[in-house]
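J.: Line by line, the protein sequences are chains Y and G. With my numbering, you'll find the first sequence wraps up at 431, consecutive numbering, no jumps. With my numbering, you'll find the second sequence wraps up at 375, consecutive numbering, no jumps.
Rather than coming from a laboratory, the hints here were simulated on the basis of the structure. Idealized CB from N, CA, C, for every residue including glycine. One thing to keep in mind: the hints can contain errors.
[Said to hold, decoys possible] Some chain Y residues judged to face chain G by a derived CB distance under 10 Å, without partners named:
1. Trp273
2. Val276
3. Asp313
4. Lys316
5. Ile317
6. Ser321
7. Pro323
8. Ser360
9. Val361
10. Asp379
11. Gly380
12. Ile383
13. Gly391
14. Trp426
Below are the chains, spelled out letter by letter.
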Amino acid sequence: MYQNKITEIAPRKVAINDIDDSPGPFCMSFGFDLGPLIRSIRQVGVVNPPILKNGSEGLTVIAGYRRIMALKKLKAETAACRIIFENDDVSPLECLLLNLHDNLGTRNLNDVEKGMVLSRLEAWMPRKEIVKIYLPLLGLRSHESNLRFFLEIERFFDVKIKTFVAEGRLSWQAVKMLSKIDAASRSAILNLISNLRFNINQQAQLIDYMIDLAKIEGKSIPQIAADEELKTIGSDVHMNRPQHAKAILNNLRARRNPSVVSAEKRFKGMLSDLNLPDGIQITAPPFFEGEYYKMVVSFREGEDLKNKIAGLNRLKGLSKLGHAWKGGPE
Amino acid sequence: MNAFTIKKVFQDKEAATSSLTRRILAQLPGVPVQSVEGEGADEKLTSVESGKETLYLENYKGDFLKPCPGTREYICCGYQILNIAANCPLDCSYCILQSYFVHQPYLRVFVNLEEQLPGVLDLIESQPGRIFRVGTGEFTDSLALDPMTHWSDMLLPRFSTLKNAVLELKTKTTRISRLLASRYRDRIIVSWSLNSPQISAREEKGSASIRKRIEAAKQCQLEGFVLGFHFDPLVPYPGWKDDYTRTVELLDREIDPRGVIWISMGSFRFMPALKPIIRRRHPKSSVLNGEFILGLDGKIRYFKPIRIELYYFMRQLLETWHPDLGLYLCMESDEVWRSSMGWSPKTSSGLREYLDQRVMKFFNATGQTA
């Protein structure tokens with residue numbers, strides 16, 4: 102393999118303008134910010150020389166695309182690069198691996214970039230080998246389903262969603278769920294997540310509700326996302342963005358689970374009617390699935406507790422506290 | 006009903022000498038057979054779809070008889086599973102096996118059953134004071150592969166001789182010819198999973214229609230078999246009451262209820278991991294449309310009042326058919342039992358006792374209840 106010899110090639114000065122601007126077939130950079138690299142080069146120069154190929158198309162980048170871009174931004178005239186010539190007989194797979202190892206040695210690839218690597222590798226080797234060797238190399242569990250998932254990100258996601266993924270603004274679970282729905286639905290959900298800044302925990306819940314409601318209400322996901330009620334919530338000037346996100350989730354939840362939400366409201370109403378003394382809290386079991394309510398009494402000392410218990414005993418409505426889950430949706 | 010087609014057989018090297026292997030392969034002339042070692046088939050099969058056409062013959066390394074895992078926090082019946090196979094050629098949208106065997110989606114038949122069966126029978130006989138309700142229909146359909154495996158030829162004669170056990174064969178098919186050809190009836194229960202005709206048609210791909218199932222049950226009953234039925238999973242949807250009524254009306258027309266040992270009811274419940282699988286594999290399915298909550302056991306199930314309504318309605322319907330059907334709920338709480346059935350066994354051991362009594366009533370078993 103040529104990788105072993107690459108360090109034996111002495112870097113030589115190359116005119117920056119002679120290097121092809123395009124990322125080329127070996128590049129695995131997505132969603133990068135050149136700023137830190139520019140500052141670094143300005144301070145100490147290029148420590149690790151880019152690798153170029155000198156072929157019929159002139160000088161093209163095998164590894165170091167971002168460094169070349171940074172040098173161009175800095176208006177550098179020349180750069181020290183390692184050059185591989187056509188008659189060196191280096192295969193495209195070797196070029197790809199040179200790039201991969203060059204990257205792995207200096208930074209963590211984001212998830213989109215991992216998809217790019219795997220997609221490029223798939224052209225040159227069997228999936229089994231990729232799963233066994235390259236998924237662990239990228240810090241991923243060695244399983245075929247993981248490979249399929251990352252290939253989906255690379256091949257079927259548009260730039261907008263890839264940017265979200267690369268920046269870590271989508272939860273892993275949300276990305277997986279989005280990968281299973283059509284592009285128009287993905288885009289509609291992504292707009293909501295982006296505009297209202299659903300947090301990582303809320304994203305999967307939002308997607309789940311949207312998919313379920315589309316099925317139950319016989320609408321498309323873009324139609325649900327464009328719903329007037331959601332728009333009204335999203336544009337309510339009395340709420341900030343996290344509040345918008347929460348209110349939209351609540352709205353969708355009430356549509357998805359009307360009986361559960363009604364029962365919760367009824368229970369809240371029952372408690373409110375009780376007028377519990379301060380320091381006493383009654384809670385229902387999650388989703389009313391368990392049979393028992395719980396009561397928590399906060400008190401300073403025995404006398405305080407006695408007073409609170411006496412206060413409870415005086416509550417007229419307490420014996421009427423019943424099953425809030427009975428009654429169905431409102 | 007679709008015929009199940011096996012297009013490929015993987016045969017574990019250890020399983021090559023088994024008589025069951027030879028018998029199965031004799032039923033599959035022309036089907037390519039590949040010898041593999043260990044879990045060699047895993048890498049070759051990744052999709053459930055191709056898995057349903059692929060048979061993997063292997064020796065089962067664990068105990069053949071195991072208690073049903075049931076579920077924590079809810080009342081369970083204390084069933085015993087005879088582990089003859091894993092996975093099913095039917096393709097029900099709601100089937101939990103899709104997530105249980107996600108990495109082994111092919112039909113696994115445990116061909117050392119014949120060699121291990123005496124040990125299972127010894128174990129049962131060594132506890133004469135206990136009644137074993139044994140079934141083969143938890144991790145596969147009991148009869149779907151019977152024409153190929155001849156399981157019933159192997160199991161019926163042996164279980165018929167036991168004094169403290171019954172064998173329940175649970176199916177959604179009409180593959181009863183080998184049962185009918187057998188001369189053994191004692192201690193054998195043939196059961197059908199039933200649903201509304203709409204759920205059956207939409208969600209139970211590859212299974213027989215409800216009418217055909219009930220006709221097969223009638224045939225079995227006429228031939229002297231005790232019957233069981235399982236309304237599981239009950240699924241509410243607009244018009245469900247009318248549809249389930251149609252199924253019970255069919256039962257009323259065809260089946261003598263006095264020959265029914267039990268009818269269980271369960272509502273759709275699933276581990277969260279199943280949801281994305283159903284969405285992906287069965288995009289037209291409506292089983293996920295109901296109002297679900299996270300149950301005490303970590304499974305997703307219908308909101309309590311919905312379950313109660315389902316069971317209450319079905320109970321009324323079935324009790325109108327016959328007052329003594331051995332109705333019971335699968336994996337439900339004491340509260341849901343009381344609210345829907347009017348009584349509760351209170352605990353899993355209470356339910357075991359109730360069902361053991363049914364066994365004794367039907368088969369005059371000698372065991373004592375737990």
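J.: For each hint given before, does the structure comply? Return the numbers of the non-compliant ones in rising order.
T.: Violated hints (numbers, rising): 1, 2, 6, 7, 10, 11 and 12; every other hint is consistent with the structure.
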